[in-house]
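Model the full assembly from the supplied sequences, consistent with the hints where possible.
Line by line, the protein sequences give chains A and B. First residue of the first sequence: 72, per the working numbering; consecutive thereafter. First residue of the second sequence: 72, per the working numbering; consecutive thereafter.
Do not rely on the hints blindly, as some may be mistaken.
A pair counts as met if it fits within one copy or between any two copies, since identical chains are not told apart.
Below, in silico cross-link-like pairs of lysine-lysine (DSBU-like), each with a Cα-Cα straight-line distance of 30 Å or less [claimed, not checked]:
#, residue 1, residue 2
1, K87, K144
2, K90, K115
3, K90, K122
4, K126, K115
5, K144, K94
6, K135, K90
Simulated from the structure, these hints should not be mistaken for laboratory data. Because the structure is a prediction, the values reported are computed rather than measured.
There are 2 protein chains.
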Amino acid sequence: MFVIITYDVSESRVNKVRKVLKKYLIWTQNSVFEGVITEAKLYKCLSEVNKIMDKREDSLYIYKVENPQNLSKDVLGICKNPEDMFL
Amino acid sequence: MFVIITYDVSESRVNKVRKVLKKYLIWTQNSVFEGVITEAKLYKCLSEVNKIMDKREDSLYIYKVENPQNLSKDVLGICKNPEDMFL
Numbered sequence: 072m073f074v075i076i077t078y079d080v081s082e083s084r085v086n087k088v089r090k091v092l093k094k095y096l097i098w099t100q101n102s103v104f105e106g107v108i109t110e111a112k113l114y115k116c117l118s119e120v121n122k123i124m125d126k127r128e129d130s131l132y133i134y135k136v137e138n139p140q141n142l143s144k145d146v147l148g149i150c151k152n153p154e155d156m157f158l
Numbered sequence: 072m073f074v075i076i077t078y079d080v081s082e083s084r085v086n087k088v089r090k091v092l093k094k095y096l097i098w099t100q101n102s103v104f105e106g107v108i109t110e111a112k113l114y115k116c117l118s119e120v121n122k123i124m125d126k127r128e129d130s131l132y133i134y135k136v137e138n139p140q141n142l143s144k145d146v147l148g149i150c151k152n153p154e155d156m157f158l
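Structure representation (structure tokens):
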């Protein structure tokens, strides 16, 4: 399964959330992770994130595509690699 | 077709980019728009965005799923509606 995870998380927690997501997926844009992952690993990932997030303030969207062939991706502008930036 | 658009755009241009995207799609998270759109309208939308972006600094990802039934979405935390916020 291919997933895209986007998030709006308070500054005080965002680095911790990124560190968890980075263990399972690829960081492709400031607020976006993506990658191929099993349902079991995604569940584990989200359980970890769940412990860090404040669910009254933070927001995390998980878009799942069962068959990655049903998904295509285009890029306008630069193809960022935030992994070079920090963490 | 269902599209998810995520962006990293400089503060000086981000409101203009959002105003264009808002004409075609639904703003669901700070840096995310999504919705059902035709290929022709998406092309028109991206042409408009293209004129605003600085392609050496800004980044816009377009994830396309031909059949929305191949996509599912889960939310952790709050389901934001940035349309209430500003613009």
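Consistency of the hints with the structure:
1. K87 <-> K144: both (27 Å within a copy, 23 Å between copies)
2. K90 <-> K115: Within one copy only: 14 Å inside a chain, 37 Å across chains, cut-off 30 Å.
3. K90 <-> K122: within (13 Å within a copy, 35 Å between copies)
4. K126 <-> K115: within (18 Å within a copy, 37 Å between copies)
5. K144 <-> K94: This pair counts as both: shortest intra-copy Cα distance 22 Å, inter-copy 21 Å.
6. K135 <-> K90: So K135 and K90 pass the 30 Å test inside a copy (21 Å) and across (27 Å) alike.
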